[in-house]
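**Student:** Residue numbers (the numbering used here), protein chains in the order written: chain A, 1 to 365; chain B, 1 to 365; chain C, 1 to 365; chain D, 1 to 365.
Be aware that one or more of the hints could be misleading.
A pair counts as met if it fits within one copy or between any two copies, since identical chains are not told apart.
With a straight-line cut-off of 30 Å between C-alpha atoms, the simulated DSSO-like cross-links for lysine-lysine are [unchecked claim]: (1) K276 with K145; (2) K276 with K316; (3) K73 with K325; (4) K276 with K307; (5) K307 with K147; (6) K147 with K316; (7) K276 with K310; (8) K73 with K316; (9) K276 with K198; (10) K73 with K145.
Keep in mind the hints are simulated off the structure, nothing from the lab.
The structure displayed is predicted, hence computed values, not measured ones.
Chain by chain, the residues:
Number of protein chains: 4
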Amino acid sequence: MKNSFGQSVSVTLFGESHGSAVGAVLDGLAPGIEVDCGFIAAQLTKRRPAGKISTQRVEQDRFEILSGVFNGKTTGTPIAISIPNENVRSGDYSEVSRLARPGHADYTAHLKYHGFEDFRGGGHFSGRLTAALVAAGAIALSALKGKGIYVGTHIKACAGIYDRELSDIEADIAAANALDFAVLDGEIAAAMREEIEKAAADGDSVGGILETAVAGFPPGVGEPFFDSVESVLSHALFSIPAIKGVQFGDGFALSEMRGSEANDAFEMSEGRVITKTNRAGGINGGITNGMPIVFSCAVKPTPSIFKTQKTVDYLKNENAELSLKGRHDPAIIHRARVVVDSLTAIVLCDMLAQRFGTDYLMPGR
Amino acid sequence: MKNSFGQSVSVTLFGESHGSAVGAVLDGLAPGIEVDCGFIAAQLTKRRPAGKISTQRVEQDRFEILSGVFNGKTTGTPIAISIPNENVRSGDYSEVSRLARPGHADYTAHLKYHGFEDFRGGGHFSGRLTAALVAAGAIALSALKGKGIYVGTHIKACAGIYDRELSDIEADIAAANALDFAVLDGEIAAAMREEIEKAAADGDSVGGILETAVAGFPPGVGEPFFDSVESVLSHALFSIPAIKGVQFGDGFALSEMRGSEANDAFEMSEGRVITKTNRAGGINGGITNGMPIVFSCAVKPTPSIFKTQKTVDYLKNENAELSLKGRHDPAIIHRARVVVDSLTAIVLCDMLAQRFGTDYLMPGR
Amino acid sequence: MKNSFGQSVSVTLFGESHGSAVGAVLDGLAPGIEVDCGFIAAQLTKRRPAGKISTQRVEQDRFEILSGVFNGKTTGTPIAISIPNENVRSGDYSEVSRLARPGHADYTAHLKYHGFEDFRGGGHFSGRLTAALVAAGAIALSALKGKGIYVGTHIKACAGIYDRELSDIEADIAAANALDFAVLDGEIAAAMREEIEKAAADGDSVGGILETAVAGFPPGVGEPFFDSVESVLSHALFSIPAIKGVQFGDGFALSEMRGSEANDAFEMSEGRVITKTNRAGGINGGITNGMPIVFSCAVKPTPSIFKTQKTVDYLKNENAELSLKGRHDPAIIHRARVVVDSLTAIVLCDMLAQRFGTDYLMPGR
Amino acid sequence: MKNSFGQSVSVTLFGESHGSAVGAVLDGLAPGIEVDCGFIAAQLTKRRPAGKISTQRVEQDRFEILSGVFNGKTTGTPIAISIPNENVRSGDYSEVSRLARPGHADYTAHLKYHGFEDFRGGGHFSGRLTAALVAAGAIALSALKGKGIYVGTHIKACAGIYDRELSDIEADIAAANALDFAVLDGEIAAAMREEIEKAAADGDSVGGILETAVAGFPPGVGEPFFDSVESVLSHALFSIPAIKGVQFGDGFALSEMRGSEANDAFEMSEGRVITKTNRAGGINGGITNGMPIVFSCAVKPTPSIFKTQKTVDYLKNENAELSLKGRHDPAIIHRARVVVDSLTAIVLCDMLAQRFGTDYLMPGR
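Only chain A is shown next, with the shape it has when bound in the complex (with noise of 0.2 Å):
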């Protein structure tokens, strides 16, 4: 399935960035979860662009809750949450409609779907519709965090400017999750903040890495093979727009390593089995080791920017030139962040679903 994915716990989205609302439907998750409209609100808030460094395009988010909670707790069936456009200004978008926006799926979008596409503002490919995974993750990082399970994602690095690294990896996850520019180090924060900015007054844009880790996972979830933890929740994450990298734990860096260096030792602590490094980043073929499970993506500079481009008008088979006009974020790492958690979450509710059955995710279970 295409817009569909997950086994146990599923996400299905819809929707089209300048179509009446993007929205998700997320089944299977246990019953009796408590859902928290604030939170989910909060959620969204982080996604929300917002000051300088975002498009000034700002969408309120409104969501709807249309299924599969009573009483304000999950029914266990599935969960509808229909999200409205409402600042749609599609008018910007008609001098790009024959225009393929380099970096965008505008081209691609019209091999496949051979004109019939919604094209305005990326239609069905707009970074738009992570706004209903966020909204969806939002329950399912509440169903783990009922579960002593904590997801959080830190800017790891952008425009070249790195983060500090993970260190306590509990309060990490807290303190990333409070912040709304997910940088650890708050003057690491303002330079990158400066390059962003820098960025979008020369009309160009920049990219940069989340790294994200979950805390409190239990040891031996993940199949073997296909399934494993790293496939599973690398096919989710490269479904997000701007994702074009996943590595786990030490990830490229491995790659110069030798075994010697790059291999966990195990040892016992308090009675459990830890690994003194975490270099594999909680996963052992492709399961579940009980330490943090940590993972980075890339995430490319936004494709929307303001300066000139080359490019193809794909109705008329020619060269042309782009300039964009409308509104356009010189990044989106820090708004991409909470989509990686949401969705994250998602998956690990469902491999948590399908190890342990679909009660497990259940309060009080």
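Fit chains B, C and D to the known structure of chain A by using the hints.
**Tutor:** This is chains B, C and D only, laid out in the frame that chain A set:
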């Protein structure tokens, strides 16, 4: 599903390192594709260890096709391939039967299977299973070749030494496929081999990066969101033991670029839309744009090393030291590249069959 | 997945009887298919209760298309449809809130969802969800019509009274589709209505058999073994509440025939291979043979009756008596037929897209 | 997927009637389940033809377990089973190589596979593949037995003669399982055999109805809508060649009842909720209610008969007459019942693993 992957074209794996056989069932491939047993054997040879830079356990990989081939061609129904394990010396592993080998799945398999797992030689988590993938993938590669689609992988980096960059994709694919040790620059190849031998002499191991290119793949393939080409390929790739990172196009390097540099400008070339650069790896918005598909995989150093390692006895729950004996690879990256090609080919066949129908890969269509 | 079905073309359902809306997400349908809101409304009208033989709860079924339609045509991306519940009188159900209604899912939903289920009016297990299927199915029916494929269902039996047999399939499909109460013989229709009214007068209900025919469907579609046409269609059909039996062609009657009678002889007719009889319902070995696909569904009597019934209070775990009030159908078979048509159409679109590619149903292909 | 079924526990089939082997890969079954090769062999014997009422082609069904079993117990990883075809006389089929056998998949396989299909003996569409299901199913049956869940099937009807009804479900299951020819009433069994022999003498064949019961299955299992217990079981059951109808509980007979008769009244019995009758076959709203699961399958008469039949030559596209030689069954219903039990067991294991987790079926849990 765990050991199955794919929708229209799927593969199912089975086997253990020291069991009677490993194997694969390749289902849904179009009928009429020639099955060239010589090519299958040649591909298996590429995966088979050889010389000083590989383990001394050498299997002949005498494969047997149990079904799905009639008069030398695929029938369209499941192709089952069994590869007996012949050179099994289980005794070598008895000593480690209760010690978790760092970097291996021994401990996590134990957590998941509660002691019933076949722990000999890594059991089901052994790289040995990839032999079955290679046999099945050889048929998928033939099917793609019939459509003018070529897949090839070179060792982009090993032990921190980098091969030259890809230039003429089709020629480089052909060159890589003709090599036993798939490094495009012969001098660099020699330097890499030297590093592997050094690591071997130290009782240690090295990792690297594999870069894969696909030429001739049609545009407009891939599905929105969860079945983006990146999502589906990464799902498969992360199943391969030792792969801890996957990136498309320039991947993590995109995180340090500005949008104006990262965006691939479109232009007309001989009546076709192409991009001047290919930083996106041939994929925009999850859908192929007609440029070569390019991606890289981080391969961690082989976890089996001869250096003494700290670990735990996971039955007694106490600290221990591990000194591996037996036969182990100081590097597997040169053997892994054919595994990447094979799995990539199977996934691409699935994408094509989903997009254009189950007869698409049949010769003469 | 639970509330999702299909691979290339899939549908996801959500909603509860007394929640704010029911809805469906139809994903993967080819682009360019005209979306005729009048036809959707007409199909919903066929499902809507009317007159003495139906419940007095009448919803206007004002559907809203939230995504996937642009300029009146499908875009190829998910079509989300929401149908608000307007005429909700939850008070009617308060009395039965702890009593298991026999034949309903109250008790089993409680076992599965541990009391968190929305029990009002059957919640997610209500036939109300089929309105969403009908809306989505209307678009699928239009897609099929564009390829000359027609689906229709008549009430083969109701309360033990049987309609005439199908004779000219295409004409009978058209005739059934033109009827509100889909019985091909008008006198038999009147007799059935009388039986339904009698049952209603007795505070009781009746069931029946629906027979569905599909004309114009291409041969060679369906997959071996687990994705036989029968397997996939029955999977979908048994999801419809009240369906307790499914048979293809002559189905259970074949069990009393000899092979010489049951086998459909092949013969040439105007250069095409046809079968003289169609006892197999157009399917041999799970694959369509070009004859009309014919199947029947057993519809149990509506479980909501006004007669006092013995049951249990499943919270107190004690015996109880149940006297239903509210608004209930003495028969649903006349409303269910459009649900069968709708779901059948979605499944057939999926089969065609899997077999011939995702563009197959696009007009002009 | 085509030849794979199931999510947490899945089975993949391969093979052709006259190829080198048929086989199955059973994946995801819990670890620690004893694998009793004697029981597997005994189950295969039930499926194997014997005596005057079966084909004279008798395979020894020497199965080989290639993986997934260690120290006599399941490991939790894929169990591959191969059953060589030994008694292959392909010559017998050469005459029919271009004539479509009525009731068989010859013609439809040709439409789908364009002449590349292995047509010998029905190829992949042969009932021979069910031997592999029986071997895999035997392990699933053992797993269920470990949880006190028993599956059994009797020949409810053959050639229009009906067995007595099920009374004491557990005893009847045990009785059916102890019989070679699974008819509960010995006199009726003799009458049925006589009818089969008569049909054989006439060069003809007969069909029948199989009724299956499952005792001890937990309540609260099954998923709403598309993964109702009926949906998932029927999907699997309709894969079995020759099955053309499936009904749960009273099935088609419900269509003639009134609601007051069809509804199963709930009542308390020894502190448990039971139903007085079991017309719903243990399933309400797609979820098990704790009563025995009961369903019936219509088995069409064996299509291979010795009477001369009209057909077409589908290569020449002309009318023809077919006189089958070779070895054929005048009835397969007595052989099919163990296939139904086997596939049912696999599906139930999957449902339990999805509902209660992948360790649920492990002994001692």
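**Student:** Hints first: check each against the structure and report whether it holds.
**Tutor:** Taking the hints in turn, this is what the structure says about them:
1. K276 with K145: Within one copy, since 26 Å is at most 30 Å while 43 Å is not.
2. K276 with K316: Intra 60 Å, inter 19 Å, cutoff 30 Å: inter-copy only.
3. K73 with K325: Result: close only across copies, 28 Å inter versus 44 Å intra.
4. K276 with K307: Classified as between: cross-chain Cα gap 17 Å, same-chain 48 Å, threshold 30 Å.
5. K307 with K147: For K307 and K147, neither the intra-copy (48 Å) nor the inter-copy (39 Å) Cα distance is at most 30 Å.
6. K147 with K316: between (56 Å within a copy, 28 Å between copies)
7. K276 with K310: Between copies, since 10 Å is at most 30 Å while 51 Å is not.
8. K73 with K316: between (53 Å within a copy, 23 Å between copies)
9. K276 with K198: Cα proximity of K276 and K198: across copies only (26 Å, versus 41 Å in one copy).
10. K73 with K145: within (15 Å within a copy, 37 Å between copies)
Against the hints set out earlier in the document, a violation occurs for number 5 only.
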